[in-house]
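**Q** Build out the structure end to end from the sequences listed, making use of the hints.
For what it's worth, this note's numbering labels the leading residue of the sequence shown as 182, then goes sequentially.
These are calculated hints, taken from the structure and not from any lab test.
Fair warning: there could be bad hints in the mix.
[Stated by the list, open to error] In silico DSSO-like links for lysine-lysine, alpha-carbon gap of 27 Å or less:
| no. | residue 1 | residue 2 |
| --- | --- | --- |
| 1 | 200 | 276 |
| 2 | 332 | 267 |
| 3 | 240 | 267 |
| 4 | 225 | 267 |
| 5 | 338 | 267 |
| 6 | 274 | 242 |
| 7 | 332 | 350 |
| 8 | 226 | 307 |
| 9 | 280 | 332 |
| 10 | 276 | 206 |
| 11 | 332 | 274 |
| 12 | 303 | 226 |
| 13 | 240 | 325 |
| 14 | 274 | 350 |
| 15 | 200 | 299 |
| 16 | 225 | 303 |
| 17 | 299 | 226 |
| 18 | 242 | 350 |
| 19 | 240 | 274 |
| 20 | 346 | 244 |
| 21 | 225 | 206 |
| 22 | 226 | 267 |
| 23 | 307 | 225 |
| 24 | 274 | 338 |
| 25 | 307 | 200 |
| 26 | 206 | 267 |
| 27 | 325 | 346 |
| 28 | 307 | 280 |
| 29 | 226 | 274 |
| 30 | 276 | 242 |
| 31 | 274 | 225 |
| 32 | 206 | 299 |
| 33 | 267 | 200 |
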Amino acid sequence: MLIILEGARGTGKSSVAYKLRQRLKHSTLINPTGFHEDGEVGLKKISNYYDGMFELFHKWKSKMSGYTTILDRFFPTEMVFSSLYKEYDFHQKFKSLCKLLPTLDDEIYIFFFTVSDKDVLKERLKRDKVPFAQVEESVEESLKQQDSYYKYIDELKRYIDWDCKGSLKLIGIDTAHMNQDEVVDFVFRQIQNVSEGLW
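**A** Below, the structure is given as structure tokens:
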């Protein structure tokens, strides 16, 4: 099983990813990285990075069963962040990765974390030790990222090959008025049918 958690800073996805790793036996938590390079060099580097990750997941799928991989962000995050902060255009690569996504595992869950309450987001960013003077700026930046996530998650839905063998589910979750344990429980309820014996 492959579990992908997507969402802007302050939505709670990294905390939930860590708790999922603790509760799911035979699981690995991966936090894919971005790179500082920009332009053609940056696009080539990030494209090669995701090509390599897809090759790795295909190898795992062919050699192992009963195993869960948890991704704290994946290539949709690169699409969001590159569209906001980079000069290169990741869109064609994003489109091709969307089409290939269902081939990575027989059971794939994408959880899209959002926060609908600006005050809750502000409190979470304070808790994450964002310097006080930068909290308002960080809230606005997270909301800008969240708007971009909505756009590219919608594109992901359009580009995915839904006819591919296997199961892929995309589930949105507004974490604004839920604590971490409630969010983790929600995620577990969504995967419960296929995760018997995994926790």
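**Q** Evaluate each hint against the coordinates.
**A** Against the structure, the hints come out as follows:
1. 200 / 276: violated (31 Å)
2. 332 / 267: With a Cα-Cα distance of about 17 Å, the restraint between residue 332 and residue 267 holds, given a limit of 27 Å.
3. 240 / 267: Distance of about 31 Å is beyond 27 Å: violated.
4. 225 / 267: holds (13 Å)
5. 338 / 267: holds (23 Å)
6. 274 / 242: This hinted pair holds, its Cα atoms lying about 22 Å apart.
7. 332 / 350: The hint holds at about 18 Å.
8. 226 / 307: Violated, at roughly 33 Å.
9. 280 / 332: holds (17 Å)
10. 276 / 206: Not OK: residue 276 and residue 206 at ~32 Å, beyond 27 Å, violated.
11. 332 / 274: holds (16 Å)
12. 303 / 226: Not OK: residue 303 and residue 226 at ~34 Å, beyond 27 Å, violated.
13. 240 / 325: Not satisfied, since the Cα-Cα distance of roughly 36 Å exceeds 27 Å.
14. 274 / 350: holds (21 Å)
15. 200 / 299: Holds: residue 200 and residue 299 sit about 25 Å apart, inside 27 Å.
16. 225 / 303: violated (36 Å)
17. 299 / 226: violated (35 Å)
18. 242 / 350: holds (18 Å)
19. 240 / 274: holds (21 Å)
20. 346 / 244: Holds. Residue 346 to residue 244 sits at ~18 Å (cutoff 27 Å).
21. 225 / 206: violated (35 Å)
22. 226 / 267: Holds, at roughly 13 Å.
23. 307 / 225: With Cα atoms ~36 Å apart, residue 307 and residue 225 exceed 27 Å; violated.
24. 274 / 338: holds (15 Å)
25. 307 / 200: holds (21 Å)
26. 206 / 267: Violated, at roughly 38 Å.
27. 325 / 346: The given pair, whose Cα atoms are some 35 Å apart, is violated under the 27 Å limit.
28. 307 / 280: Not satisfied, since the Cα-Cα distance of roughly 38 Å exceeds 27 Å.
29. 226 / 274: holds (12 Å)
30. 276 / 242: holds (22 Å)
31. 274 / 225: Judged against 27 Å, a Cα distance of about 10 Å means the pair holds.
32. 206 / 299: Not satisfied, since the Cα-Cα distance of roughly 35 Å exceeds 27 Å.
33. 267 / 200: violated (32 Å)
The structure fails to meet hints 1, 3, 8, 10, 12, 13, 16, 17, 21, 23, 26, 27, 28, 32 and 33 from the earlier list, while all remaining hints are met.
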